[in-house]
Amino acid sequence: MVQPAPASPMFWRFNPEVYRLIGMKCKDCGHITYPRSKICPACGSFSVEEHKLSRRGTVHTFCINWTPPPNLEPPIVNVIVDLEGGGRYQGLITEVANPEEVKIGTKVEMVLRKVMTDRGLKIYGYKLRLLEEG
Amino acid sequence: MAGIIGYGVYVPRYRLKQQDAAIPWGGFATGEKSVCGIDEDIISLAAEASEKAMKHAGVDPAKVGAIHIGTTSSPYVEQYVAPILAETLELRSETTMIDYCGSLNSVAMALLGCLDAIEAKRIKCGIVIGTENRATTAGSAGEASFGAAAVAFVIGTGAAIAEIEGVHTYSTLFTDRWRAVKDNFVTDYFDYRFDREYGYQKHVVEASKGLMGKLGRKNEDFTHVVLPQPDARLPGLAARDLKVKPEQLAPEIASALGDLGSCSAFVSLAGVLDKAKPGERILLVSYGSGASNAMSLVVQSQIDEKRNRVVPLEKYLGRKEYIDYTTYLKRSEAIKRAPY
Amino acid sequence: MRGKVAVIGVGMIPFGELFEKSFQDMVQEAYINSLKSVDKGIEPKEIKAAWFGQWSGGGMIGQGALCGASLASMIGNREIPITRTENGCPTGSDAFRNACLGVASGVYDVVLALGAEKMRDKPGVESLIAAGGGGGGILGLHPSWMLGMGGPVLQALYATRQMYELGYTMEDYARVAVKNHHNGTFCPYAHYRFEVTIERVLQSYVVCWPLHLLDCCPQTDGAACAIVCRADIAKRYTDKPVYVLGSNTGLDYKDMWNKHSFIEMLSTVRAARGAFEMAGVKAEDMDFAEVHDCFTNTELMNIEDIGFCRKGEAARRLKEGEFNLDGRLPINPSGGLKAHGHPIAATGLGQLCELFWQLREEAGERQVKLKNGIGLQHNVGGDAFGVSCVNILSRAM
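Residue numbers (my numbering), protein chains in the order written: chain A, 1 to 134; chain B, 1001 to 1340; chain C, 2001 to 2397.
Just to be clear, a hint being listed does not mean it is correct.
Which bits of chain A does chain C cover? Going by a derived footprint, with three or more residues having C-beta under 8 Å, they are [claimed, not checked]:
1) 21-28
2) 47-53
3) 76-83
4) 115-129
The calculated lysine-lysine pairs, modelled on BS3-like cross-linking and capped at a C-alpha distance of 25 Å, are [unchecked claim]:
5) B:K1209 to A:K122
6) B:K1209 to A:K52
7) B:K1055 to B:K1182
8) A:K122 to B:K1336
9) A:K122 to B:K1330
10) B:K1209 to B:K1182
11) B:K1306 to B:K1055
Just so you know, the hints here were simulated from the structure itself, not pulled from any lab data.
Note that the Cβ used here is the ideal one computed from N, Cα and C, for glycine as well.
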């Protein structure tokens, strides 16, 4: 299956999500979802508005993948993050020497990183870095 | 006159001991250099530096009229990276977005371009970003010394922390380092002595003298002299030619971070601004491929009011994690794994 | 549904890494076996419609997307309507559900549900990635969110949280593998037929912490088939039909990050609740169950989500032997996905075969004790485990 290239409409449509973290908040039930949606996936309401995700949060759950797909060097740590102000983000941890440093409750912040390269084009997105004290 | 309203710097946390890259090839080197993580490149470095600069400046993104990137290590020969940073900074579509590439003087030219736009009253405020992550090949001198970093300055006519009181350019046809399109590496100094004396030293001195002449200033007027640092020696040699005292020179960062290419003098400037006091005068000189720019900056009182918003260069100098040479070879793609 | 649908025959082939069998070979053998299994005999032309469960759509066997015509040619019957169905890991049991609806609606008297998957024509790693779909940018999702996501990663995210909130340990998870491998040694159709110990599981390499290699179900080839007919004519074909009491599919979010919790899968909860309601029975009425243990921690979660015990109790009850073959509520007497294998579209139908044999007391060494004569089959999977299917079968109408 040929993966869509970074130059494709799909990636271009996702620019507001990927670079500006624009998601959606339901005016009826308050559910925050990302990426954007015209219908709230939680309650089915059509009454939704744009919502910008916070770049800080805490780890809700994680796992340490020692057998990632080709071209990714293990270990990679996938996390689900509870974001400040609501909503969640799913992504990868970056800049951690020892995966054991990642625990449920660890504070993280989003940093822009090169996620992969395809046909010479770089694809960027936010990864999570452990928040340093001070 | 325009000035620096805010600035930010970012250095990746990984370090390679320069000797680890030199010794396997029978060479010798001292010091360390900063290395990008496997998921970092000039764009991610620029994103962090520019975000900090905007926070320091306290400027509304909608007011930024231009974004100028200076680099010699863009992954693209045709496609600007400025629009990517414009997205992360949430700038308007009317912003002028330009990459200045192709010379170690690129960041200075990016800054000059921004000043020109402000002077022409096309914009009131712009952001200038210098970012480097130069490609290296196994066994080259650059492999041991080329470091990675990014720095960003918000330039404008608003309340500045440092005013730019003058600019002077000096350029000649002179080839010392180059990279042709067919190469994925920089070909180094043809002859170190020839290149440093007739290249770096000569052009830095001429640009500085020209600037001082224009502004009616003398060496002693400058508390800080900020020069590019391809290695730890060159700034001292140029300072001697300029008859500037060693104490005036900005702190040496080449042995901690390596040769930061076109953003070298500007990262150094950030470090100086971290500690500079109002009233002090800074001589900032850049050099690359036979072109040199000299600028004079005067530190303003604003700098003290905003100092608590700065993440200082010192913090990044202290934040480090060593990698070994094999890891570096993989990251710089000098060695590639067979498909599996 | 209750009182309207019966299963009169099932057929499957032993699951495994079947390098000598092509996709077509597997489909044809399972189909023939199901016809042969009908006690009083059945003519192929009596089957009036079919539902073809196929998950990968040919992606793993180098074909284009499969459709009803594929099955029609393979079983030599192009006279009947056939639909290919796909619904994640529950593809097989959902094909069965549709077959039941075909009969319960009154439109067809006898129909077929067949599921088949060839996963090992690709190397193990490629097959695993294709199954997880997480290599890079999947259509509709951005790599910055999806990079590295695959089957084990999704369940590992649950497993970590189960350890955090419920105090489960990797040993608890390993114990599931021990039980299921033990059961698998009694099942001639199982992929793996060897015992494991807790130590062996915990010493196997960590695929995705906290899950080890032996916590994960294998990549398997297989096919399974069920023949379904109107309950009131079932006795024409066999004196021991097995009746369908309830059949339901439950849904949840397609993204992991929207989930309300990582210790419970609402898709399973909804599927089970609806199936029990339809059947007019409760979880306590089940004599045994085949649940979707794609990973060991998943079995514990499924047991709780279906309602066999309260959240947080499954590990203790497993340790006490409640879910063993000779326990109060045998779970996965066939060996589960862990030992029996997980040829995705065939899995659910394979579980239904097991229910059929168990309820007719034809399961040999692994026969469970029947009290009410009711069994339950469950799968969960799809995007972010957002779809689940539960079927409840009984030996009495």
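Against the structure, the hints come out as follows:
Check on the segment 21-28 of chain A: 0 of its residues sit with their Cβ under 8 Å from a Cβ of chain C, so the three-residue criterion for coverage is violated. With 0 residues bearing a CB less than 8 Å from a CB of chain C, the segment 47-53 of chain A misses the requirement of three and the coverage assertion fails. Residues of the segment 76-83 of chain A with a Cβ under 8 Å from some Cβ of chain C number 3, which satisfies the need for three, so the listed coverage holds. Counting residues of the segment 115-129 of chain A whose CB lies closer than 8 Å to any CB of chain C gives 8, which reaches the minimum of 3, so the coverage claim holds.
Between K1209 of chain B and K122 of chain A the CA atoms are separated by roughly 43 Å; this puts the pair beyond 25 Å, and the hint is violated. Taking the CA atoms of K1209 of chain B and K52 of chain A, the gap is about 51 Å. The hint is violated against a cut of 25 Å. About 40 Å separates the Cα atoms of K1055 of chain B and K1182 of chain B, which puts this hinted pair outside 25 Å; it is violated. Annotation: proposed proximity of K122 of chain A to K1336 of chain B holds, straight-line Cα distance about 18 Å (limit 25 Å).
A threshold of 25 Å between alpha carbons decides the hint, and for K122 of chain A with K1330 of chain B the separation of about 18 Å falls inside it, so the pair holds. Distance check on the hinted pair: K1209 of chain B and K1182 of chain B sit about 37 Å apart at the alpha-carbon level, beyond 25 Å; violated. Among the hinted pairs, K1306 of chain B with K1055 of chain B is consistent with the structure: their alpha-carbon atoms are about 10 Å apart, no more than 25 Å.
In terms of the numbered hints stated before, the structure departs from hints 1, 2, 5, 6, 7 and 10, listed from lowest to highest.
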